[in-house]
Amino acid sequence: MEHGLAADAALEEGVECPGRLAPGGVELDLAREVQESLFPAEIPPLPGIRVAARNQPARIVSGDFYDIIGVDDHRMVVVCADVSGKGFPAALLAAQVQSYFRAMVQAVAVIRSALESASVSVDVFRSLGSLPLQVVRQLNTTACRNMRLPGRYATLFFAEIDGRDGAVHYVNAGHNPPLLLAPGSDVELLSAGGPPVGMFAEATYEVGTVTVPTGGTLLIYTDGVIEARDRHDEEFGLPRLIDLCTGARGEVAQLLPRILEAVETWSAGLESADDITLVAVARDGDRPVA
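This note's numbering runs 14 ahead of the 1-based position in the sequence shown.
These aren't lab readings, by the way, just hints derived from the structure by calculation. Bear in mind the structure is a predicted one, so any value in this text is a computation, not a measurement. It is possible that some hints are incorrect.
Here are the in silico distance ranges between beta carbons for each label pair [as the list claims (entries may be wrong)]:
1) Glu-278 with Pro-253: 17 to 25 Å
2) Ala-117 with Arg-245: 28 to 36 Å
3) Leu-274 with Gly-84: 38 to 46 Å
4) Pro-59 with Thr-223: 39 to 47 Å
5) Glu-249 with Ser-113: 28 to 36 Å
6) Ala-215 with Glu-285: 31 to 39 Å
For every residue, glycine included, the Cβ atom is placed at its ideal position computed from N, Cα and C.
My request is simple: use the sequences and hints to build the entire structure.
Here it is, written out as structure tokens:
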């Protein structure tokens, strides 16, 4: 076990290890293809809700990930996460965290569906906590137990979205606060939650509750956006991102390319220092919701 940990640590630092070869071009391409296969092939449809997502790795593979899972006919869950580190070690850890996430979402959703079908009392059901709270708690416990490399953790934003009324229950685990963009210029930062997962076994988390208004958008992003630097070493920054979003309303699928283009222009061709992931969730007002 110690040999494996030392090898992983050396890989992170770029040190060659006996018996371990640097991946060649074919292996790099395969690694990227495998990682891309872990992202949702299709975004599950939800009446009244439109979702767009983009991932742009700083290297061949990314330590960021996002996932979108339909819970039932009215609800979906969205996660956007950033694992510490870059390159292959971060990508492997991201895949591990994503597998935990998917398994836990499915398990909790099945339990909740069974309780709802059994007409369990409201007080008992509420005492179990929201789906985001249950999943993030379990994810943190599992990550603390299994992510044994020092300094390894993941920030994430996990939200359950109800297409019927735009209600969002979320947990922000040490992640950059997403932007809730209302029509006009109103912006709310979503920060309720707790520390990154995998950092403190006894961590506690709280749930935040907001509503995406008709015509509004929830923008989730990783720090590769706001920490992108120009040739003068100035960051792109959160205020600039907010100004861009409030001044560029419209089709949700067009917002993400605008952000990526603005960040690329800001960096003026400099090599990306960090992965970038964007997820936008927009609520329509022109279609009936069952």
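Against the structure, the hints:
1. Glu-278 with Pro-253: 17 to 25 Å: 19 Å Cβ-Cβ, so the 17 to 25 Å window holds.
2. Ala-117 with Arg-245: 28 to 36 Å: With a Cβ separation near 44 Å, Ala-117 and Arg-245 fall outside 28 to 36 Å, so the hint is violated.
3. Leu-274 with Gly-84: 38 to 46 Å: Distance hint for Leu-274, Gly-84 is violated at roughly 26 Å.
4. Pro-59 with Thr-223: 39 to 47 Å: violated, 24 Å
5. Glu-249 with Ser-113: 28 to 36 Å: The hint (28 to 36 Å, Cβ to Cβ) holds, given that Glu-249 and Ser-113 are roughly 33 Å apart.
6. Ala-215 with Glu-285: 31 to 39 Å: Check passed, 37 Å falls within 31 to 39 Å.
Taken one by one, the earlier hints fail for this structure at numbers 2, 3, 4, listed in ascending order.
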